[in-house]
Amino acid sequence: MLAFLTTRLAQAIPVLFGVSLAVFLMLHLIPGDPAALIAGADATAADVENVRQSLGLDRPLAAQYLGFVGRALSGDFGKSFRTGRPVLEEVLPRYANTLALGAIALSLAIVIGMASGIVSAVRRHTLFDNAALILSLAGVSMPTFFLGLMLMLVFSVWLGWLPLSGMSSWAHFILPAITLSTASVAIISRVMHASLIEVLSEDYVRTARAKGQRESVVIWRHAVRNALIPVVTVAGLQLGYLLGGAVVTETVFAWPGLGRLLVQSILARDFPVVQASVLLLAVSFVAINLATDLIYGLIDPRIRAR
Amino acid sequence: MIPKSGNRFSDKIMHNGKKSGESDSTQSNQTVAPAQSPARVALRQLRRSRLALPGLAIVLVFILCGILAPLIAPDDPYRNDLMNVLMPPSAAHWFGTDELGRDLFSRILYGTRISLAEGLISVALAAAIGVPVGLVAGYAGGAVAAVIMRIIDVLLAFPGVLLAIVIISILGPGLTNAIIAVAIYTVPIFARLARGATLTVKDEPYVEAARAAGLSDLRILARHVFPNISATLFVMMTLRVAIAILTAASLSFLGLGAQAPLPEWGAMLAASRSAMLIAPHVALFPGLATILLVFGLNLFQDGLRQVLDPKLQDR
Numbered sequence: 001m002l003a004f005l006t007t008r009l010a011q012a013i014p015v016l017f018g019v020s021l022a023v024f025l026m027l028h029l030i031p032g033d034p035a036a037l038i039a040g041a042d043a044t045a046a047d048v049e050n051v052r053q054s055l056g057l058d059r060p061l062a063a064q065y066l067g068f069v070g071r072a073l074s075g076d077f078g079k080s081f082r083t084g085r086p087v088l089e090e091v092l093p094r095y096a097n098t099l100a101l102g103a104i105a106l107s108l109a110i111v112i113g114m115a116s117g118i119v120s121a122v123r124r125h126t127l128f129d130n131a132a133l134i135l136s137l138a139g140v141s142m143p144t145f146f147l148g149l150m151l152m153l154v155f156s157v158w159l160g161w162l163p164l165s166g167m168s169s170w171a172h173f174i175l176p177a178i179t180l181s182t183a184s185v186a187i188i189s190r191v192m193h194a195s196l197i198e199v200l201s202e203d204y205v206r207t208a209r210a211k212g213q214r215e216s217v218v219i220w221r222h223a224v225r226n227a228l229i230p231v232v233t234v235a236g237l238q239l240g241y242l243l244g245g246a247v248v249t250e251t252v253f254a255w256p257g258l259g260r261l262l263v264q265s266i267l268a269r270d271f272p273v274v275q276a277s278v279l280l281l282a283v284s285f286v287a288i289n290l291a292t293d294l295i296y297g298l299i300d301p302r303i304r305a306r
Numbered sequence: 307m308i309p310k311s312g313n314r315f316s317d318k319i320m321h322n323g324k325k326s327g328e329s330d331s332t333q334s335n336q337t338v339a340p341a342q343s344p345a346r347v348a349l350r351q352l353r354r355s356r357l358a359l360p361g362l363a364i365v366l367v368f369i370l371c372g373i374l375a376p377l378i379a380p381d382d383p384y385r386n387d388l389m390n391v392l393m394p395p396s397a398a399h400w401f402g403t404d405e406l407g408r409d410l411f412s413r414i415l416y417g418t419r420i421s422l423a424e425g426l427i428s429v430a431l432a433a434a435i436g437v438p439v440g441l442v443a444g445y446a447g448g449a450v451a452a453v454i455m456r457i458i459d460v461l462l463a464f465p466g467v468l469l470a471i472v473i474i475s476i477l478g479p480g481l482t483n484a485i486i487a488v489a490i491y492t493v494p495i496f497a498r499l500a501r502g503a504t505l506t507v508k509d510e511p512y513v514e515a516a517r518a519a520g521l522s523d524l525r526i527l528a529r530h531v532f533p534n535i536s537a538t539l540f541v542m543m544t545l546r547v548a549i550a551i552l553t554a555a556s557l558s559f560l561g562l563g564a565q566a567p568l569p570e571w572g573a574m575l576a577a578s579r580s581a582m583l584i585a586p587h588v589a590l591f592p593g594l595a596t597i598l599l600v601f602g603l604n605l606f607q608d609g610l611r612q613v614l615d616p617k618l619q620d621r
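So the sequence lines, in the order shown, correspond to chains G and C. Position 25, counted from 1, in the first sequence is what my numbering calls 25; the numbers after and before it change by one each time, with no gaps. Position 285, counted from 1, in the second sequence is what my numbering calls 591; the numbers after and before it change by one each time, with no gaps.
The shape of chain C in the complex, shown without the other chains (with noise of 0.2 Å):
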């Protein structure tokens, strides 16, 4: 059987050891030496990897600015100045002002904070669900993994946003139901990963040996398989959040999320596209913004990736 990605993007994360079962978070585990815990070694590499660190920094300075945006915002960022509307970027409006006068940089902060809680709430919505199954897919087989794997199997064939389109279409337009059906659209991704990563931890010595010792079928996945596939699923998470926010933002960008007056940056562009002839800061802005976001993530992603996935250190 070929393995199958669930996402354009996952196969970036999968392409080395092509199955996205081939977790290698156990042997990482095992060639720490005893005296170090996994956390600081992981860190001390994360410190060396030439992308994670710019990634990372990236990533903070925008949930700072979406913490602090009350501080720094220079102005009301659903205020109307029809006196001043498509100012182009001065000392008043570092970022100028939109069709309704309205301060960009304001407006560009605030919508930080939309873009984090669209890409942070959608993917723990989705690992939540999603982890769970696979794990119980996994680690029980039999009939029960065939049926969720048809099922995933459903939800894998509308491709791109196309899943997340069809669920906004039976719940309705609107910045939760976008979050909302983020979510649901990354949940197979979760749950194929941690079923794949559950399948080769499971016939491991350690976890054999849990068994043999008694231990509960729910003791054993959460101590044991869990702890182990975690780093796997971490890496997803932080590649799976950027393409949530991206996803977000395009859903946003189309009429089908966050609405008007909400500064959500996709939703900003749609806005402004026709005022993007004459004043192209309008639309430069909210792209640059999602852009430098999405990068950072991905940065991030990569080194992350390179840390915790020893396979590729060689390379």
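One chain only, chain G, in its complex shape (with noise of 0.2 Å):
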């Protein structure tokens, strides 16, 4: 297990190095000088020359990512252009409340989308799993923002029983977290129903049965847990898109987290928030698929030994 964990983290390291170079040479490859966009629209030539120089942007380009990489790491991101404040006090509120969303929006995806690939998988060519098969389409089909508004537009301001927009108590929750988990819900049914048939013609399964098992402990104790693998790839690597995907469903709905923030923030050229906000989502993405393969391993030793 050791040596799984450390060729993982090994793995990673190389990724996080990429994303912190890309995230630095965002700036850079903006077209203009970066000391004139930092020192924002209105600055003079001598406030100019005045970031250049104490963020040392007229250093080589190498120092300059060692010290973005060093201020980076003792959570130093420079200051907002629009408030003034450093950038991580405005960051990471607005990740926590991102962080809520998305973690309850997977806890949704995942019951929802099990259960409906574990009922369409054992009741094949039904009813169910024919509409299951076509909710799933239409669910990847939907674009964010649509339903959101839709969703909106029904259950907040026609029957009025939910709350338009904000995160004041847990009411605010149940539209974004709906309208974020729907492409999610699709794609962990599929993974899961697929997943279930192919373990369910495993000879397995054939002996569980033939030897004169219940339905019902068949599925639940042979075939589910068997196809759950694949299903904990997806679920983790749907907690990183839905980290990402939040960027619309936050708009929607005025939900202050970070993809709201990243998105203001491009709109205003706020660059330092910018970078901030994505490096964050890209480590958290990093770090999800790293404790993803981690668990991975946890539950199937096959894959540590390899």
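Be a bit skeptical, because a hint or two may be false.
Selected chain C positions facing chain G (in silico; Cβ < 8 Å) [to be verified]:
hint	residue
1	Y384
2	L388
3	N390
4	V391
5	M393
6	F464
7	G466
8	I471
9	G561
10	Q565
11	A589
12	V600
13	N604
Hints are computed from structural coordinates only; laboratory data are not their basis. Just so you know, these numbers come straight off a predicted model, no measurement behind them. The C-beta atom is built at its ideal place from N, Cα and C for all residues, glycine as well.
Taking the hints as your guide, dock the two standalone chains into a single complex.
As structure tokens, then:
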């Protein structure tokens, strides 16, 4: 297990290096002088020079990159152009809000997706199976923003059951979480379906049936447990995508999360906040993938051995 | 090593074999009777598929609408009519009018062109870059492949639309930049798929035979490897067009893609958000158009995958 752990950690390091390099280079790839960008639109030539000096933008790129990583590791991403506050203070509370929404959406996606996947695999070629297939295709075809707006229109505006936007109570979580989780429900459901069908044709399932075990025991103890492994991987990936996909859902519901902050910061050209948000989301995704692999290794000893 | 999927949707396509590399195109070619071309067999199976044909029909209707937009559209999609804003659907305006009094039906017809362009151009670009990169990485192996795959890993470390958003933040908002951003965001998916498929094909006897016959690597890749992985790539392209349309529409909705007054469906929805409360049709029609087109593409893709992936057929 230790060897598996070290290999996976070692594989994550070049990715983290590349991600940090990409985020660092963003500022230099934008057309124009990075110092002028940071100093802001109404800065004088002296201001620009000042920024260049203080951030070391006149030094070689490699030195600048090391400085960027060093400051980022100590939590220093500079100050937001818009608010003047340290970027980390802007980003972290928003990140917590995005994580909360993402965690609820993922739980929804796992529960509903697995349930419908299991039922449609066990009751193959029934009305439920066909409906689940069509619904999951519709689920991945649905633009998130449209689903969010329609749910909002029906449940907040017309029926008045749920709050329109913001996040001051638990009821505020319902519509954004449903919106965010829809595509993941569809994907987890299809993966569970396919994996369970594959497992149900395995010899050990036939053996279990042949020795006269009840069908529910066969399904739950023999089949579902073995079919779970691809589902775990997909669920882990989905959490990452939920963090990225939250951008749209948060914009629709005015959710004070990291995705909405990111979009607002891009439109306002507030680059320190953009860099910090992107880095935080990408590093989280790498960490989630790593954690998924470790869980995978824990539940399936065959993977560790490789 | 656990196969990681590059995109939340691509799992759908890979859930069976679990590895993108397990292309079955070679098998489908081998099972084909020599007298019939693989294309004809695929076509016949496609006709039998329950999903592919309705999907294809939907997509073709949209393509026709896009091509014929100037002939069908009852009105200029950009003409304001401030005396008739937010009118509900009627005989004069089938889908009603928007917040500037423009005819929604005409705007949606013209918007079809933008959405199809977003999907097709970005995926064509992505495949044009990603497939050769993946072919070379898979065929050459060694240090070249290692470097390419590390770069792809880095690109895939930005979850969901985040990579597209990062590119937009560098290039600036706009329709062209959104198409470029979606293309770059799709490149690693094709590169990894092409590499995986190449890895499985490259040790096949016919590739070894070609090598023994002294063909150049380039010729082997173009004439023997590529044709045998093209079915897999084609299914992925259909899937990615659907995703690219959704992604580009999302970017436009966020204000990062196509800008007003372009009749892009996502941008239209964003522009009419405030009017939605009093006139829901302004949001409903662009949204329904997007769903229907992407749903059609997904149906077609699902049917296509069943035809080109023989392992699925007995299910």
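A quick look at each hint next to the structure:
no. : hint : in the structure
1   : Y384 : violated (23 Å)
2   : L388 : violated (25 Å)
3   : N390 : violated (23 Å)
4   : V391 : violated (19 Å)
5   : M393 : violated (19 Å)
6   : F464 : holds (5 Å)
7   : G466 : holds (3 Å)
8   : I471 : holds (7 Å)
9   : G561 : holds (6 Å)
10  : Q565 : violated (12 Å)
11  : A589 : holds (6 Å)
12  : V600 : holds (4 Å)
13  : N604 : holds (5 Å)
The earlier numbered hints that this structure contradicts are 1, 2, 3, 4, 5 and 10.
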